[in-house]
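Novice: Each protein sequence line maps, in turn, to chains A and B. Count the first sequence with the working numbering and you get residues 1 to 114, in order. Count the second sequence with the working numbering and you get residues 115 to 227, in order.
Misleading hints may appear alongside valid ones.
What the hints assert, rightly or not - Selected chain B positions facing chain A (Cβ under 7 angstroms, derived; list incomplete):
no., residue
1, Leu-159
2, Tyr-216
3, Ser-220
4, Gly-221
What the hints assert, rightly or not - Covered by chain B, according to a simulated footprint, are these stretches of chain A (three or more residues, beta-carbon under 8 angstroms):
no., region
5, 39-47
6, 96-107
Stated by the list, open to error - 25 angstroms max Cα-Cα, derived DSS-like pairs, lysine-lysine:
no., chain 1, residue 1, chain 2, residue 2
7, A, Lys-73, A, Lys-96
8, A, Lys-3, A, Lys-96
9, A, Lys-96, A, Lys-70
10, A, Lys-96, A, Lys-16
11, A, Lys-3, A, Lys-73
12, B, Lys-184, A, Lys-106
13, B, Lys-184, B, Lys-171
14, A, Lys-109, A, Lys-16
15, A, Lys-3, B, Lys-171
16, A, Lys-70, A, Lys-3
17, B, Lys-171, A, Lys-101
18, B, Lys-184, A, Lys-101
19, A, Lys-3, A, Lys-106
20, A, Lys-70, A, Lys-106
21, A, Lys-96, B, Lys-171
Honestly, the hints are just simulated from the structure, not real lab data. In this text, all values refer to a predicted model and were calculated from it rather than measured experimentally. Note that the Cβ used here is the ideal one computed from N, Cα and C, for glycine as well.
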Amino acid sequence: AQKITQTQPGMFVQEKEAVTLDCTYDTSDQSYGLFWYKQPSSGEMIFLIYQGSYDEQNATEGRYSLNFQKARKSANLVISASQLGDSAMYFCAPLKGGSEKLVFGKGTKLTVNP
Amino acid sequence: DAGITQSPRYKITETGRQVTLMCHQTWSHSYMFWYRQDLGHGLRLIYYSAAADITDKGEVPDGYVVSRSKTENFPLTLESATRSQTSVYFCASRSGGTGHGYTFGSGTRLTVV
């Protein structure tokens, strides 16, 4: 089974500051994708951002960006200018090329302090 | 309304009973999935389906049965519920193709007593 590591069970950040959530994964595949999801306390799963292993540039979506380091097998999520509404669980999920089975890490709980 | 809907939102059942969780999507997405979420485990894939009448096991399929006679529906059945199946269950769908996100339902919180 694919191993996904989110080393930070909990993170705290001050409002308006940037924060980086770590994700590393164990794969021998050259072709794969990497998804990040947000789960607020209300429970829904919200798609944030996607990075393909062959994408030349790091993915960005508004305040979210990925620090993708293919050789290190890491895809860290960077949230700029944190807002109180960013407080949530964040899940990293790699997807093997040619597969549709999305596998999730155990998540990082982010708390944004005012 | 367009989207992916799960029912019921909450369910309490007794050990040994059969229970079915429903999932319906209006996009005609090819792929549908069932995950369970437990503290300390994140989301784990139970079963998935690539199309009507095509299903396959995920990480934790034991104790569960799925069917997909129509593209839009993907019910999950617990044939004889056990306390270890107390969890939050999420259904998801995806159209397929690189970069397309998986869209999740709101979840069903199942308690087996």
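Novice: Between Lys-96/A and Lys-171/B, does the CA-CA distance stay at or below 25 angstroms?
Specialist: 16 angstroms, holds
Novice: When you check the alpha-carbon spacing of Lys-3/A and Lys-106/A, does it fall within 25 angstroms?
Specialist: Within the cut-off at roughly 10 angstroms; holds.
Novice: What's the verdict on Lys-3/A and Lys-96/A, does the C-alpha distance respect the 25 angstroms limit or exceed it?
Specialist: Cα-Cα ~12 angstroms, so holds.
Novice: Does the closest beta carbon of chain A sit nearer than 7 angstroms to the beta carbon of Gly-221/B?
Specialist: Because about 5 angstroms separates Gly-221/B from the closest Cβ in chain A, which is inside the 7 angstroms limit, the hint holds.
Novice: Lys-3/A and Lys-73/A: Cα distance at most 25 angstroms?
Specialist: Since the Cα atoms of Lys-3/A and Lys-73/A sit roughly 11 angstroms apart, the hinted pair holds (cutoff 25 angstroms).
Novice: Given Leu-159/B as an interface hint, is the shortest Cβ-Cβ distance to chain A below 7 angstroms?
Specialist: Given a least distance of 6 angstroms, the restraint on Leu-159/B holds.
Novice: Answer holds if the nearest beta-carbon of chain A is closer than 7 angstroms to that of Ser-220/B; otherwise answer violated.
Specialist: With Cβ-Cβ at 6 angstroms, under 7 angstroms, it holds.
Novice: Between Lys-184/B and Lys-171/B, does the CA-CA distance stay at or below 25 angstroms?
Specialist: 18 angstroms, holds
Novice: Given the hinted pair Lys-73/A and Lys-96/A, is their Cα-Cα distance within 25 angstroms?
Specialist: Answer holds: Lys-73/A to Lys-96/A is near 13 angstroms, not above 25 angstroms.
Novice: Quick one, are Lys-70/A and Lys-106/A close enough, alpha carbons at most 25 angstroms?
Specialist: Within the cut-off at roughly 21 angstroms; holds.
Novice: Hey, Lys-96/A versus Lys-16/A, does the alpha-carbon distance stay inside 25 angstroms?
Specialist: 35 angstroms, violated
Novice: Is Lys-184/B close enough to Lys-106/A, meaning Cα to Cα at most 25 angstroms?
Specialist: 32 angstroms, violated
Hint compliance for this structure: hints 10 and 12 are not met, and every other hint is.
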